[in-house]
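Trainee: Below, each chain spelled out in residue letters.
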Amino acid sequence: MPNYSHRETEARIKELRVAIDELEHQLMETKKLERAQHDTLDHLDEYMNAVDTKLSSLKLFWQELKRDWSL
Amino acid sequence: MSTHASSLPADAEKPASSQWLSWVLVVTLIYLLLAAVGAIGDGFKMATGNNAKELFAFATNPFIGLMIGLCATALIQSSSTVTSIIVGMVAGGLPINIAIPLIMGANIGTSLTSTIVSLGHVRNGEKFRRAFSAATVHDAFNILAVFILLPLEIAFSPLQHTAEALAGFVASDTGVDMKSMNVMKMALSPASDLLGGAVSWLPNKIWMGVSLIVIGVAMILFVVSAIGKVLRTVMVGRAKDIMHRSIGRGPISGMASGMTITVLVQSSSTTTSLIVPLAGSGVFNLKQVYPFTLGTNIGTCITALLAATAISGPTAILAMQIALVHLFFNVFGIAIIYLLPFLRGIPPMIATKLAELAQRNKLYVLAYIGGVFFALPLILISATQL
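Residue numbers (this note's numbering), protein chains in the order written: chain A, 1 to 71; chain B, 1001 to 1386.
Mixed in with the good hints there might be a few duds.
What the hints assert, rightly or not - The following label-pair restraints were derived from C-beta to C-beta distances:
{"no.": "1", "chain 1": "A", "residue 1": "Asp45", "chain 2": "B", "residue 2": "Gly1197", "range": "42 to 48 Å"}
{"no.": "2", "chain 1": "B", "residue 1": "Ile1346", "chain 2": "A", "residue 2": "Leu58", "range": "23 to 29 Å"}
{"no.": "3", "chain 1": "B", "residue 1": "Trp1023", "chain 2": "A", "residue 2": "Lys31", "range": "37 to 43 Å"}
{"no.": "4", "chain 1": "B", "residue 1": "Ala1016", "chain 2": "A", "residue 2": "Val18", "range": "54 to 60 Å"}
Rather than coming from a laboratory, the hints here were simulated on the basis of the structure. Given the structure is predicted, the values throughout are model-derived calculations rather than measurements. Every residue, glycine too, gets a C-beta built ideally from N, C-alpha and C.
Okay, chain A solo, but in the shape it has when bound (with noise of 0.2 Å):
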């Protein structure tokens, strides 16, 4: 019975272990993401004008989807 109940333990033990690692590779992971957040708004200066690519951007879809047809 201990002998069951000490395998149980370590069954439990190995359990937790992986949720841990799981939960650790996860905060890696969100960390990570978050680091190419940063950098990325560290470049925010070229996305500001963003707004004033509305002409060239619908230019742009209209000569891809003229292409599409022309296929």
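Use these hints to put chain B onto chain A, whose structure you have.
Mentor: Coordinates of chain B only, in the frame set by chain A:
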């Protein structure tokens, strides 16, 4: 995070004199915006006499009003311009119940800008899918908000009544109730006199009124575009700072940053377009973009509120009321859709589906933009006129 932000003092990189000049320009442009709104109000009053209600009888059907607001904003590409014009028109006698659907339509129409901006990523399938979903989540939310709030407004007028109650506190029939705003009335009178003098040679009041409206609209178009350009340059550092701080802090922080940046740059189109390439790159996901976009809806209300302060006299309360309707519409929209879990997921779901279709075939994009923003409104307007 804040250390990250503090290492980006873009404002400080500019010479102090240039910063100072930019702020003088911003103040001048705001003055012109207020003068323009006042001119529209005066012109509308002059041109219509007391017949504004009859003149706008065709728009008493709220769906027509909604479609006019939507189409006008989609064409002008600026909800700030349209809402400022509406504030001026209400001051000139346009009934509030006609103006409310116009404001709601403007809210939908403004989301077209970021959708168009997302088309710039069309050559890269995956990037385009992400950018298009980030843009259309705004469309979907605004359309859903109108679907919920317009029928409620027609039945019970909650927006009109809430705004009416609050407008009474903020404004009075002698102008906005704060002492500083009486100063504003005095400050605006030279511009008002100048514009009035410029059209005084015209043969009658109708011509004078129409000319004032045209001048006012032209001024607002110019000012909103110019102020956006100046503020984008001046505020980029602050916007960076705000966005850096909001990372990893959840949706409320995202919403607050969207709202604050929109207030700073005086344009929701700028803010929603700014987030499109960020989402397209895959660094920001739809879950993060969604609350940020909702914040821009609230931030953009500042322009109409500012415009309402330009109105003095008996219609000052009405002008403030319609500006507050704009604010409450967006606040209630968020409170209902974002706070109720079963509604919250609908806009991202629609945006995701639309983006998948758009990635599959570009004709879906054409059908969506042409249909929702132009064809459907025009068909509905034509159908109700038959």
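Trainee: Are the hints correct? Go through all of them and say.
Mentor: Hint by hint, here is what the structure shows:
In this structure, Asp45/A and Gly1197/B meet the distance hint of 42 to 48 Å, their C-beta atoms being roughly 43 Å apart. Against the hinted window of 23 to 29 Å, the Cβ-Cβ separation of Ile1346/B and Leu58/A comes to about 28 Å, which satisfies the hint. Our hint of 37 to 43 Å for Trp1023/B and Lys31/A holds, since their Cβ atoms are close to 38 Å apart. One distance hint, 54 to 60 Å for the beta-carbon pair Ala1016/B and Val18/A, holds here, with the actual separation near 58 Å.
Violated hints: none; the structure is consistent with every hint.
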